[in-house]
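Going line by line, the protein sequences match chains H and L.
For the first sequence, my numbering assigns the number 652 to the initial residue and increments by one for each residue that follows.
For the second sequence, my numbering assigns the number 871 to the initial residue and increments by one for each residue that follows.
Derived from the structure by calculation, the hints contain no laboratory data.
Hints may contain errors.
Stated by the list, open to error - With beta-carbon atoms standing in for the labels, derived distance ranges:
1. L:Ser-1004 / H:Ala-725: 36 to 44 Å
2. L:Glu-925 / H:Leu-759: 40 to 48 Å
3. H:Pro-832 / L:Lys-973: 15 to 23 Å
4. H:Glu-729 / L:Ala-872: 34 to 42 Å
5. L:Lys-973 / H:Leu-705: 36 to 44 Å
6. H:Trp-765 / L:Arg-876: 52 to 60 Å
7. L:Gln-991 / H:Phe-659: 37 to 45 Å
8. L:Lys-981 / H:Arg-805: 35 to 43 Å
9. L:Thr-879 / H:Glu-729: 23 to 31 Å
Yeah, the Cβ is synthetic: ideal placement off N, Cα and C, and Gly gets one too.
Residues per chain are reported as follows:
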Amino acid sequence: MHRWGLRFLGLSYLLVVLAAPVGLVFWRTFEHGLGPAWDAVTTPAAKHALLLTLEIAAIAVPANTVFGVICALAIVRERFPGKGIVNALVDLPLALSPIVVGLAFLLLYGRNGWFGSWLAEHGVQVVFAFPGMVLVTIFVSLPFVVREVVPVLREIGTEQEQAAETLGASPFQTFRRVTLPAIRWAVAYGVVLTTARALGEFGAVSVISGHVVGKTETMTLHVEERFQAFDYTAAYAASVVLALVAIATLVLMSLFKPKEEVRR
Amino acid sequence: MAIVARNVTKHFGDFAALEDASIEVPSGSLTALLGPSGSGKSTLLRVIAGLETPETGTVELDGVDVSGQAARKRGVGFVFQHYAAFKHMTVRENVAFGLKVRKRPRAEIRKRVDELLELVQIAGWADNYPAQLSGGQRQRMALARALAVEPKVLLLDEPFGALDARVRKDLRAWLRRLHDEMHVTTIFVTHDQEEAMDIADQIVLMNHGRIEQVGEPRELYEEPANEFVMTFVGPVNRLGESFVRPHDLELRDEPNGQTTAGRVERIVHLGFEVRVELRLEDGRDVWAQVTRDEAEELELAPGGEVFVRPRRAKIFS
């Protein structure tokens, strides 16, 4: 009885806060059949928005993966002054509202910003353009790989790495053959979270992009823009596309994982 | 390949792990670094391996100063207490690791690994993962992995410390046989004096980061250099200023002028050996180790009176 009660509670909670809203979006999208939904996501603006979102993620995710692993290694394995600050700084994007992030970048790279004027003289446009959108996306999705990898690095300790060293492995060989395989699931999970965040980012991108339809409009911005224009079918259909991309990432990751767990 | 460490000092924060420690390990020997926990024995081993950088001091392998060399260049085989198995690799891949990073031909690696797995008696487990092995098997795998690269010296850090008593004894005997076959200069760290006495040619006894005494097992037991050595390598009774081993305490049923009177408090039968716990007239508690026959002859019983005389005793100034 007790167990059923718990299950019921857990399930209803998930149903109300997770399944119902997402389900509703799917239902609304296909309310009038596949046709209108398909038409809505194949307009030039929608296609461009999807492509732009994927392009941004394609830069932000690898960058944060490489940097995240390096950062985690430094936090766990190295001793240096200011380590505590680095460790805290990594969490900053989680604490800061994306709007603030967007404004900060606007101030820094805008026409009168510290870097902005210098960059403008050299013909580089960051604000209201692709580079700015990539930068804020990197910023907001930075903590995930670090936060996934740090505890695993702590747990595996340094003995395996030391063993590799005494067996003649160079630091790079040790990393590639011993450390990386040990943390790969943490990295993979971090990548999934980073990807999800990069795809779904709205606030910071909204501020820095300037909302130019067909130019600096990502998928999330496209959803909002269509919604404001009372084009609900297009807004819902674009949301569904976003959700499907995210689900596909999750599925891709879980495809590899069970096999590995059996082996252990 | 002789190992020499000279005047090694190492601190961890305020804690002095090693203070001016020097040892010499003859080529081909099996040496035990013995001491209580925190005595610096593991740190000294890690300094020799190059896994720890000392503040002062040098390490020589076969007359060559390797102090500035990275661990991977020193050609040492190192075995860790908790195996340090590569969890994501099979037993075979674990053992092959050192050869693989040296880019040896595949056929050669396979042949060598097969030999080693045979040697450490885990050939049947070659394609299993370390998690599927028992502790003893994992440690033998770790040993095979260390031996694969033909190390000049073998360093074992409490290699049997994580194993249960039975497996420990088996592995001990097996390690001694292995050493006798291969003659690789070997140092192993242990806090178990019986283990050290059992298999080492030479024991280096450490305490508080310093070397207390170096010698053959028998030497340490019979000629301890100081009170610490005497009490660490075997049981001891204290009689006034002198230290007596329990088996050097003679029990008599009558006084003879040199004896002290005492009362039997408790008798413990351990098969051939009998432990007799006594309270002497001056109130001091001691215990004597006698044979079963002696105990019967003296008709020892709790509450009875006996007379005690040390056959031999040690006094340290």
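Worksheet item: Failing hints, ascending?
Response: 7
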